[in-house]
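Peer 1: Below are the chains, spelled out letter by letter.
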Amino acid sequence: MARALITVPQDAKRGDVVEIRVLIAHPMETGFRVGADGRRVPRDILRRFTCRLDGEVVFAAELFPAVSANPYLAFPLRADRAGTLSFTWEGDGGFAQTETATLNVA
Amino acid sequence: MRRALASLALVLLVVLEVGAALAQQDSRRSGYDHMSPATQAMQGDDTQNPAMLFVADGESLWRQPAGPVAKSCASCHGDALTSMRGVAARYPAFDVPLARPVNLGERLNLCRVRQQKAEGWRAESPDLLALEAYVALQSRGQAITPPDDTRLTPFRARGEQRYRQRIGQLDLACAQCHDEHAGKRLGGSTIPQGHPTGYPIYRLEWQALGSLQRRMRGCYSGVRAEAPPYGAIELVELELYLASRAAGMPVESPAVRP
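As you go down the protein sequences, you meet chains A and B in turn.
Just so we're aligned, residue 1 is where the first sequence starts under our numbering, counting upward by one.
Just so we're aligned, residue 1001 is where the second sequence starts under our numbering, counting upward by one.
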């Protein structure tokens, strides 16, 4: 399991636009680099990030080799209702990780 | 009595003015000041700082028992938030059994070998850097205070001598860039004054966390000199001198650098 840091504001009021921030530990190896042995280091990147609120997709992003290691994503979300946010990263080599956080709406 | 009071006021005034003059004279700048606003924001916000991923790992390593005696750092040192407060600001410090100064990473490894009876981590291993970042974070904001230990004096003197010694095919000393030409540009980047305020740092060029020794070894190859291996006394002596040079500057660990 990769380490992930998720920041969800806890003081949102109904209808507020809040900023959700996610950071995950991942090497994002481009596949273009050559190792010390002269062989190409195989590509190992995250391909897709999806954020769902109670199963409904509210944000998604595609990631490419130019994205730096340990990718950080921040996106706005209108807090219309409280619920469970799930964050899924999918990548090369069958990488898949899902984390959850609670969105509270006053 | 009034004369005594008047002279006391005069002394206070002089002390205050000397203090203000000293504060003005301090032209030392952390590498933070030379960074772009975007990189500064990355360091300033823990939710953006990728080094915090390592800190989170370090926090779990702090509580994780290791070695045959199954002791964790927390078994002896308790809560790092209080027991490790200000510790990183004092390193490198003198180690009596080795009779030489050790840096924070070496100290963690020595504790691991001596107390936990576990195998030490190799230099720059992610676990060692993670624990180092977690311990260093507890000193954030505190002034760098090199220990007032006479046993360190000869090592520190040798460190300073190395700092001023020209080395490598380019025949450059640390001091030539980081004292004489600090603030000017080398290629596209500003030459910092070289104060070790934020180690271990998350360096964007490395895309990873790294130690001060890794950074210094980078400078060695930059001037086409042979870099001493990790843990070499030459590097620790340099670290010791750099710490005394940066005495009083606040710890920023874990910092972000370009």
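No lab work stands behind these hints: they were computed from the structure.
Since the structure is predicted, the reported quantities are computational estimates derived from the model, not experimental observations.
There could be a bad hint or two in this list.
Negatives, chain B to chain A, calculated, CB over 12 Å [as the list claims (entries may be wrong)]: (1) Gln1048; (2) Pro1050; (3) Arg1114; (4) Lys1117; (5) Thr1150; (6) Glu1180; (7) Gly1188; (8) Ile1191.
Chain A is faced by these chain B residues, among others (derived, beta-carbon under 8 Å) [said to hold, decoys possible]: (9) Met1052; (10) Asp1057; (11) Leu1061; (12) Ala1173; (13) Gln1207.
Glycine included, C-beta positions come from ideal geometry on N, C-alpha and C.
Peer 1: Hints numbered earlier in the text: which of these fail when held up against the supplied structure?
Peer 2: Per hint list: 1, 2, 11, 12 violated.
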